[in-house]
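Place chain B on chain A using the hints.
2 protein chains.
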Amino acid sequence: MLHPVVLSGGSGTRLWPLSRKNQPKQFLALVGERSLYQETVLRAAALPDAQAPITVCSDDHRFMVGEQLQAISVDSGGILLEPAPRNTAPAIALAALHAVARDADATLLVMPADHLIEDEAAFRDAVAKAKVLAHEGWLVAFGIEPDYPETGYGYIRRGAALGEAGYRIDRFVEKPDLATAEGYLAEGGYAWNSGMFLFSAARYLEELGRHAPGILAAAREAYARASSDLDFTRVDEAAFKASPSDSIDYAVMEKTDRAAVVPVSCGWSDIGSWSSLWSVAERDANGNRHEGDVISVDTKDSLVRASERRLVATIGVEDLVIVDTPDATLVARKDRVQDVKAVVDALNAAGRTEHLSHRKVYRPWGSYDSIGVGPRFQVKRIVVKPGAALSLQKHAHRAEHWIVVSGVAEVTCDDRVFDVHENQSTYIPLGAVHRLRNRGTEPVELIEVQSGSYLGEDDIVRLEDVYGRS
Amino acid sequence: MLHPVVLSGGSGTRLWPLSRKNQPKQFLALVGERSLYQETVLRAAALPDAQAPITVCSDDHRFMVGEQLQAISVDSGGILLEPAPRNTAPAIALAALHAVARDADATLLVMPADHLIEDEAAFRDAVAKAKVLAHEGWLVAFGIEPDYPETGYGYIRRGAALGEAGYRIDRFVEKPDLATAEGYLAEGGYAWNSGMFLFSAARYLEELGRHAPGILAAAREAYARASSDLDFTRVDEAAFKASPSDSIDYAVMEKTDRAAVVPVSCGWSDIGSWSSLWSVAERDANGNRHEGDVISVDTKDSLVRASERRLVATIGVEDLVIVDTPDATLVARKDRVQDVKAVVDALNAAGRTEHLSHRKVYRPWGSYDSIGVGPRFQVKRIVVKPGAALSLQKHAHRAEHWIVVSGVAEVTCDDRVFDVHENQSTYIPLGAVHRLRNRGTEPVELIEVQSGSYLGEDDIVRLEDVYGRS
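If you read the sequences in order, they're chains A and B. Count along the first sequence from 1, then add 349; that gives the number in this note's numbering. Count along the second sequence from 1, then add 349; that gives the number in this note's numbering.
Careful, some of the hints might be misleading.
[Claimed, not checked] Quick list of simulated restraints, FRET-style, between CB atoms:
no., chain 1, residue 1, chain 2, residue 2, range
1, A, Y497, B, Q687, 31 to 41 Å
2, B, R765, A, P724, 23 to 33 Å
3, B, E631, A, A691, 19 to 29 Å
For the record, the hints were derived by calculation from the structure and aren't laboratory data. Since the model is a prediction, treat every value here as computed from it, not as a measurement. Just so it is clear, CB atoms sit at the ideal spot from N, CA and C, and this is done for glycine as well.
The shape of chain A in the complex, shown without the other chains (with noise of 0.2 Å):
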């Protein structure tokens, strides 16, 4: 059977300001209305004899996974966490022990979270095409067909034919410079490197423990030593944190005698940056993208997005890249967004917050959004999913004024358990031991004033939590 393995293992900010650590490009709605995660699953799960997909992620991403999941309404085949990144090669090799554990046949298709694919007709006949090979016992590579002379990709060049589904691969190159990329396209036989990967699941760890046996031995500790914490599966941080990192690229692929290549033509990106967003975004007779609440006057091939309860208006300008989120705006000319990162590495030698999480957090609960500061308070919008509740805590620093301001909250503040309705609000004072809680079937939304000396998101004392975070 085939078992889809989603790698979400990306932490990107190549798409700052929208993306940030803690929300990185796979979980955001780029490209119509789901994300490149929950499209990556949609395409997994409808291919033929898929399983349920298999999820490899970062620990801190692991509850928007299973929130992207469960608004899909698509089966999880297990969400592995990695306690660090060790690159592609341990992340799948963590996957086919998941998946031989269930199935010892397991055919893994091997799919980075942040991927966009346009034709998936051309896609589902590549991998029906990946799926004989596999069964022969090769690790299929999907080679993109390039329509120009990409610098930012890795290549394949094919080798022999291997009848009429795919190609040896002769080997991999490097990203090329513009002279070399346009060679490999006149020359033809060469593909790009889509990061994308079908292979029999033992023989991928055969082929690992071959030419990289610290990465399978790590990757076998830790799986076998692997807590299950709600639907996530942790594997043993020391043991998986002790595995070389590296990619399949580098620890497999170009090492085995059995690497086959399936040239595919399916309208494939990997949105690497804002300029290639523009690209394949649809655009209006001026070439302009626009998303969100959007003036503009004499504007041209730009991009300009803005965020809720935000307008942006643009006079005369092109080839811009305008992206309004609520703490932060950039604009950029278009030909220059490789260097979102010189941004992003500014914030960070300055110790700032913009690159790591957005002013609205996720949690597994709901979400918080901070919408007013003053010196001694805070003033948050908070949303509480149905059956949801946030840990039972304590504040060293600050009380806590909670106005509901739609649905039902039950309320614990110290010995007494009480609900608070729409247009009723409640007093946690320093010191005491609360929890919000719904119990409804409804969000409960609330406005929340704290007030005091310190008001960090660090001053919290979990007694117990639903979400194993005490």
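Relative to chain A, chain B alone:
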């Protein structure tokens, strides 16, 4: 004695999104920490023999004028409220009538509230020269020595010299095209019409009566029937509205045979657009002017303003104006900023409010800022100035929760009056007659959570108001 007259009637939107109808250019701190209005008042107050300045402004801006005067501790010579805009000739007539009632020999120095003058010494010299001419009965216009062929201003051509002090005015000319403006510079003897004037108040009224008797009659009647309202002189609405609308240039200066010009070169700018603000502002080595939290990478010759609690990052752009406010951001090519008007027109046509007022709204008692809205609720951050009180009021469609985060609020709620301290809250039920007052010496800051089916500002019945608004 010299009576400065500050004309603050402008409601320009050319600096949108920073300038709004409720807070036009003259009240903004565009260069330095004080507003252009405050700078104008201080410049006038520093002149020899200057009396307390008279302000003529729109009724809508009276509290802002009062507050900005108070903030710079300058005594007011009167704040005359125009019930409707009627251009400069009637406004100056009101000021002249106000001045002669106090000082029959009053000399008026008329200054628009929204101009910048960098060389105050040169300006003072020009005022001294103009006073000499005014004492001889001349109506003096200040003409700015042009340093480039600007096509956005009217020009004054000088005639025969009047001693050392100035010249007769040969003629006024309309905004020229570029070739004509270049001709003026080459020919010499032309100056920009600055909109600043100096003359005897009695002489102005005399000439106005001769050349525009309808304006004089209306102004006389409006002023005679004026009522006093706190620090404000509210002229009669019907009488003032009956006045023809005309500029001092057309109504008087172009018609009188006693028009003189004093040329001056004093670093004058009317800051008529974002590009002119950029050109007068101090800039860094890359030609950029940054205000607020800005990170720029390879950015040149741009004006970038970030609003509070927000970051603006720029990459690889040049010659842009980027102005960020809490509810709207403008990105415009610097040579296209005159098209801000097209955006404002679009907002107006769509029945929107982003050109009318900022999210933070100033009131005579302080300010409020709508920091969050939802389907049946709104969250406001409210500041009440020391000694100030909101009106005694009630709402038909909303209840209010108040949480005090700074200071001590005196709250009236139906028949109870009580204090609410920092980190305390109270509840105003729907329909309750209530008032908020600050009896202390520090500002009171509170968070208001409104809950109800309709949350518009017009759901208010004012039963009493210390500012005459009930």
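Structure-based check of each hint:
no.	hint	in the structure
1	A:Y497 to B:Q687: 31 to 41 Å	holds, 39 Å
2	B:R765 to A:P724: 23 to 33 Å	holds, 29 Å
3	B:E631 to A:A691: 19 to 29 Å	holds, 25 Å
Comparing the model with each numbered hint stated earlier shows that all of them hold.
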